[in-house]
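Chains as they are written, first to last, in this note's numbering: chain A, 1410 to 1655; chain B, 1410 to 1655.
Simulated from the structure, these hints should not be mistaken for laboratory data. A hint or two may mislead.
It does not matter which identical chain is meant; a pair holds if it fits inside one copy or across any two.
[Said to hold, decoys possible] Think about it this way: if two alpha-carbon atoms lie no more than 27 angstroms apart in a straight line, the pair counts; the simulated DSSO-like pairs of lysine-lysine are:
1. 1631 x 1537
2. 1557 x 1536
3. 1538 x 1631
4. 1538 x 1557
There are 2 protein chains.
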Amino acid sequence: MTHMDLNTPASLETIQASTRVLAFDIFGTVVDWHGSIVREMQTLYPSVDANAFALAWRAGYVPAMARVQSGELGWTRIDELHRMILDDLLPQFGLTHLNEAERVHLNRVWHRLDAWPDSVAGLLRLKKKFTICTLSNGNLGLLTHMAKHAGLPWDCVLSAEVFRAYKPDPATYLGVANVFDLQPQEIMLCAAHHDDLAGARACGLRTAYIERPLEFGASRVKDVSPQAGNDLHAHDLNGLADLLGC
Amino acid sequence: MTHMDLNTPASLETIQASTRVLAFDIFGTVVDWHGSIVREMQTLYPSVDANAFALAWRAGYVPAMARVQSGELGWTRIDELHRMILDDLLPQFGLTHLNEAERVHLNRVWHRLDAWPDSVAGLLRLKKKFTICTLSNGNLGLLTHMAKHAGLPWDCVLSAEVFRAYKPDPATYLGVANVFDLQPQEIMLCAAHHDDLAGARACGLRTAYIERPLEFGASRVKDVSPQAGNDLHAHDLNGLADLLGC
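My request is simple: use the sequences and hints to build the entire structure.
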């Protein structure tokens, strides 16, 4: 179920010998945001179309970050962006009656996302050979709470919040290399999103694509066929551990 | 072996009910820098007075940070400060012959410090009830490597490097509250140094003093008697877990 991309720029031997740090995208790559939000909505607000709600909330994410990146908003953490999107979204789902405490609780669902079934086992294998860290646009508090909730065994939690820039800003990818005093090619970004991997590759990092066909749920299955440029292509995090000899 | 300070400003019940995050000073509080450096020097350079060497290296730390705090040096990580101090120190210990690779290796001893015997067990107990993080002047890479070396189970690695300020700058203590979106009194700084605890207290954090009488080795035993102002006074991290009901 795991295989290398045919256009791999670096040999597996080179990658295994030179990679020191694996930096992971989180939403969709390590945790199942769609399934987690659907399950929580079905419990809390069963009359709402949970699939549509989860997709709409996530769809607001890139435009909200773009308002920060353009300078329209000053530096804003994802917790605050999630809340702005949520408040905008509640009317169309008949949830305007939610009070402040209910909105705060619902917004924190992003701190309570469940891992994909392979994530913890795969990370534990990878952690024996590499330093494993997050590199997410999620804020430090969110990522820390999520790690406690889902049992994710990070060596270090890194975030856009540390670098004051959102991916795909080069400051994030190069920031990881700087933190560990390494060359960019000694860092590998592991992500389920080609645009994120392209940003990392442009900075000289190695890249591993992780298939997550159900990231957006069963109603919108993702094309996870290999694309040129990525160093590795893995079915899941156990597959990545296989490829990296862990 | 553990007891509360007689001048405790907050009751133990209040502290147990309201504390959410324990932030730990690292050098001396969680890891034994003196003993670790002595052991490594005795192995690498047995002719050197390892105790004097360790004490001299550490003594250069506060003056080096003061050069950053005064603006004489721009933002500089502890790894670089340790190296500057080391280079200054080698002549008086007859080690000017060390080449670049040997100096790099020796400087990284700060990434390989051993934990005090109680640290890992105490942290594992505390982690079940609280979020546990570092709050150290050590840089993120150093703290991450140390955690892997010593098995320290942090939920999150925070550092002066994140806040671009060294303790006791208020930006560091208040930075932890900001990261977790909490009030200062919901954070407790745990440290073996009264000046660090005083800085945290001035920002509204709770404080726990950890006795480490042998921080500077057997030749310079530290007075660890209770001082007024700290919320808790513990013999070690297991004692802190006892006090906090973990």
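Here is what the structure says about each hint:
Proximity of residue 1631 and residue 1537 under a CA criterion of 27 angstroms is satisfied in neither setting, with 31 angstroms inside one chain copy and 37 angstroms between copies. For a Cα distance limit of 27 angstroms, the shortest separation of residue 1557 from residue 1536 qualifies both inside one copy, at 17 angstroms, and across copies, at 9 angstroms. Proximity of residue 1538 to residue 1631 under the C-alpha cut-off of 27 angstroms is found in neither arrangement, the shortest distances being 31 angstroms within a copy and 39 angstroms between copies. Both within a single protomer and between protomers do residue 1538 and residue 1557 lie at most 27 angstroms apart by alpha-carbon distance, with minima of 22 angstroms and 11 angstroms respectively.
Of the numbered hints stated above, those contradicted by the structure are hints 1, 3, listed in ascending order.
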